[in-house]
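2 protein chains.
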Amino acid sequence: MTQSPLNSVDDGFLDGLRAQLPAACFRPLSPAYLEEPRGRWMGHAAAVLAPSTVLEVSAIMAACHGARIGVVPYGGGTGLVGGQVMPKGGPAPVLLSLERMTTLRAVHADENVMVVEAGAILQDIHVAAEEAERLFPLTIAAKGSARIGGNLATNAGGVNVLRYGNARDLCLGLEVVLADGRIWNGLSRLRKDNTGYDMRNLMIGSEGTLGVITAAALKLVARPAREGTALMAVRDPAAALDLLARARAQMGEGISAFELIHRAGLEFLTETLPDVRLPFAQIPEWLVLVDVGLAEGLDPATALEALFVAGREAGWVMDGLIAQSEAQRHAFWNLREKIPEANRRIGAISSHDISLPLGEIAAFIPRAKAELAKLGGFRINCFGHLGDGNLHFNVFPPKGGDKADYADLRDAIKTCVHDLVDVMDGSVSAEHGIGRLKTGDLERYGDPVKLEMMRAVKAALDPRGILNPGAVLPAEGRSRLG
Amino acid sequence: MTQSPLNSVDDGFLDGLRAQLPAACFRPLSPAYLEEPRGRWMGHAAAVLAPSTVLEVSAIMAACHGARIGVVPYGGGTGLVGGQVMPKGGPAPVLLSLERMTTLRAVHADENVMVVEAGAILQDIHVAAEEAERLFPLTIAAKGSARIGGNLATNAGGVNVLRYGNARDLCLGLEVVLADGRIWNGLSRLRKDNTGYDMRNLMIGSEGTLGVITAAALKLVARPAREGTALMAVRDPAAALDLLARARAQMGEGISAFELIHRAGLEFLTETLPDVRLPFAQIPEWLVLVDVGLAEGLDPATALEALFVAGREAGWVMDGLIAQSEAQRHAFWNLREKIPEANRRIGAISSHDISLPLGEIAAFIPRAKAELAKLGGFRINCFGHLGDGNLHFNVFPPKGGDKADYADLRDAIKTCVHDLVDVMDGSVSAEHGIGRLKTGDLERYGDPVKLEMMRAVKAALDPRGILNPGAVLPAEGRSRLG
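Going line by line, the protein sequences match chains G and U.
Heads up: the first sequence at position 137 corresponds to 137 in the numbering used here, and the numbers run straight through without jumps.
Heads up: the second sequence at position 354 corresponds to 354 in the numbering used here, and the numbers run straight through without jumps.
Read the hints as simulated data drawn from the structure, not as lab findings.
Watch out, some of these pointers could steer you wrong.
[Claimed, not checked] In silico DSS-like pairs for lysine-lysine, Cα to Cα no more than 25 Å straight-line: (1) U:Lys450 to G:Lys219; (2) G:Lys450 to G:Lys374; (3) G:Lys219 to U:Lys374; (4) G:Lys399 to G:Lys414; (5) U:Lys338 to U:Lys414; (6) G:Lys338 to G:Lys374; (7) G:Lys338 to G:Lys414; (8) G:Lys143 to G:Lys338; (9) U:Lys338 to U:Lys374; (10) G:Lys450 to U:Lys450; (11) G:Lys414 to G:Lys403; (12) G:Lys450 to U:Lys414.
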């Protein structure tokens with residue numbers, strides 16, 4: 001497939017849009033739209049357009065399609081793989097921000113359904129669900145600024161995937177504007193619908209390269225009757241997985257989160273955020289944070305106590321703390337949630353968002369550490385969503401070192417980790433997506449036939465290649481970031 | 001899009017295949033392969049091929065692609081929309097049966113994953129899961145002959161969708177042979193993987209028109225600690241939905257099934273299967289069957305009793321029976337599971353597999369009955385997976401009548417029901433798919449932009465239109481069944 005070259009935005013094009021769209025759609029070209037969130041690069045755009053209706057989105061897409069102008073769909077700007085940031089070098093695209101489409105179109109509490117526009121902020125959706133006495137369980141660190149359209153476009157994950165699934169599992173229907181401006185009205189509230197191909201899941205996770213999500217029908221769930229949280233020091237990741245299996249046998253779907261924490265993360269907290277109090281006098285090597293939401297008639301503290309006793313008898317668990325209050329629950333969660341900030345302050349040489357078959361996790365961690373030890377004496381913080389097989393395996397300089405001094409090792413470290421993940425049947429992007437940072441990984445590790453299918457689908461739905469050019473599937477021969 | 005015309009199988013083509021494939025791949029052209037399961041029509045095929053490896057499937061597809069010969073993928077032959085039965089009229093296709101690919105490739109009990117070939121029979125998968133002390137929760141009436149490849153190709157539903165989802169929700173990865181013989185190795189065991197477009201869900205539910213599924217990595221789940229079942233007579237479907245909401249608030253994900261039963265179904269049982277004992281002296285108008293599987297520490301009978309009391313106090317529940325033994329649980333389920341057989345014996349004029357937004361169900365049922373009353377005095381059996389908004393809304397002659405005498409009303413009845421479903425934002429195929437029987441419905445009720453997207457994807461992945469020709473998306477201008 002060779003993509004048609006894209007054109008640059010010129011005054012005539014913008015004048016044409018101005019004639020069609022209200023002035024409020026045209027936003028100042030603020031640098032905030034153009035910065036990669038970790039400061040890796042500054043992107044560019046010829047204009048920032050913020051439509052307020054699906055018809056305006058349609059008009060913009062039709063114009064860009066007609067003029068062969070690239071469009072970068074933009075949600076909260078929090079993506080970690082550069083999917084929302086077009087690097088300089090080619091024609092500057094139109095940045096299409098969904099920030100003005102934030103309407104909560106409908107709440108059907110009796111159906112456990114909410115229909116929202118794509119620009120709604122994830123946390124605002126949480127609040128609206130709570131007001132309806134329901135839960136929208138998708139939650140990620142960036143929930144205060146991430147927008148649901150971006151969450152769906154990237155199939156966001158987070159800490160509750162174990163129980164409730166990824167973004168795709170929490171979406172019943174979509175409204176999408178295609179590359180040429182056609183509008184697919186797929187805002188179904190149905191739980192079951194086998195009328196044709198699954199276009200919803202094709203759009204979800206396509207990172208804005210197949211269509212612009214403008215609204216979504218989301219699944220809500222009942223709020224668990226009672227919730228509880230424990231921190232347990234475990235022997236090692238294998239023991240943690242045994243403990244998870246035991247927890248599931250005991251509590252079924254009641255396990256809402258099962259997060260692995262390594263000592264390195266707690267040491268980083270001590271070094272960078274000393275106000276965060278650690279609840280153990282001696283920091284154990286491995287901890288799990290277990291969060292449960294149980295049915296009526298079950299006491300979370302009692303159930304967690306039973307799990308602790310079983311884990312101790314089996315030799316998996318060394319020590320444990322069960323939250324006795326909501327304040328303690330929050331303190332435990334705060335430990336987990338502050339680790340990414342501590343990581344940022346320490347400064348990773350290379351971060352990896354990987355997943356592995358659950359049965360390979362315990363073997364992967366020491367193997368990866370041993371391989372990396374050949375490259376240098378790094379500090380490694382391996383933590384994350386153990387129950388999903390999803391680890392954040394981040395590599396840092398030795399204590400006191402500066403990541404800038406190790407920049408030349410970055411590629412070697414990344415390749416070392418990703419090669420091993422690939423050998424062990426894992427994924428080099430568990431929840432962040434491909435964006436522009438991992439297109440090389442996709443070509444290196446992806447199934448070649450799947451890549452051919454993806455290119456065929458992209459060409460079928462966006463024949464001019466205007467949607468988020470360079471993301472996921474770069475035009476062949478184009479240089480890549482990463 | 002205009003599809004290239006397909007060719008007929010000739011001796012040269014078959015000789016070419018014989019030179020490549022073991023003799024065991026060539027099966028007798030038995031009528032059992034060609035009969036629509038409800039006897040609606042006899043199809044045709046030029047040859048029945050039953051490969052035993054993915055490479056043999058690949059060789060067959062490559063040959064058919066080269067020669068522009070249609071291929072009908074064939075699982076257990078139990079589909080209810082004719083997706084597996086090519087009607088006479090055009091060139092006879094190759095029928096590609098997965099019956100010899102039944103290997104259980106691997107069970108990863110610690111990961112809750114099983115890898116099976118597409119020809120494995122659903123019930124055999126249940127048994128294998130049970131041997132691993134796990135549950136594979138997809139279950140349908142045809143489980144004894146349906147094959148998992150067909151279940152995935154049609155995104156099968158069934159009674160446990162409420163808790164565990166459709167077939168697509170129970171699949172982690174696929175191995176698929178494309179139209180031209182390329183093999184996509186997508187047998188991932190990963191819970192999270194955001195590396196590119198969701199080709200898995202695109203294949204699932206595409207009814208053999210985009211690829212041939214040859215193997216799948218399936219999700220298993222922990223078996224619930226304790227199970228229980230109740231039958232409750234409810235005031236009406238609205239009360240049943242209120243009861244479901246209450247049940248979920250009480251038991252969370254513990255509700256495994258929530259099935260609606262109408263008096264008509266029980267009367268049909270009395271008329272046609274008098275050995276099935278009804279547990280109520282007076283048959284109530286509406287019943288629900290509630291099945292729960294609870295975590296340790298909860299007694300299902302106690303929980304169902306609490307639900308019954310709450311339902312009674314709220315005026316939703318009139319009467320109820322809670323199973324006191326496994327034998328009673330089976331007796332309750334037997335009532336529900338025998339209804340389709342009773343329906344067959346009575347003989348429906350027209351059957352409908354519909355879904356509605358949950359909030360529309362209670363209004364739909366009387367409206368549909370009132371509309372149908374204008375066409376004649378029918379008996380209506382409305383039952384099914386209430387918790388999913390999925391009803392089987394089947395229309396029968398008056399008592400003593402014969403469906404053959406009402407054949408000329410069939411189209412009017414179907415249109416009456418489906419038009420109302422469409423007006424109320426429902427689906428005219430909740431779980432059975434489109435096949436060849438509902439292609440007209442898809443064109444009539446489907447979103448036109450979605451249909452265009454589907455045609456574009458079909459042309460991209462099967463440019464010669466050889467995969468299951470006439471199913472889901474008939475070549476334009478082609479006459480339709482149904």
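Here's how the hints hold up against the structure:
no.	hint	result
1	U:Lys450 to G:Lys219	21 Å, holds
2	G:Lys450 to G:Lys374	34 Å, violated
3	G:Lys219 to U:Lys374	37 Å, violated
4	G:Lys399 to G:Lys414	20 Å, holds
5	U:Lys338 to U:Lys414	24 Å, holds
6	G:Lys338 to G:Lys374	30 Å, violated
7	G:Lys338 to G:Lys414	24 Å, holds
8	G:Lys143 to G:Lys338	14 Å, holds
9	U:Lys338 to U:Lys374	30 Å, violated
10	G:Lys450 to U:Lys450	22 Å, holds
11	G:Lys414 to G:Lys403	14 Å, holds
12	G:Lys450 to U:Lys414	40 Å, violated
In summary, the structure is inconsistent with hints 2, 3, 6, 9, 12 from the numbered list given earlier, while agreeing with the others.
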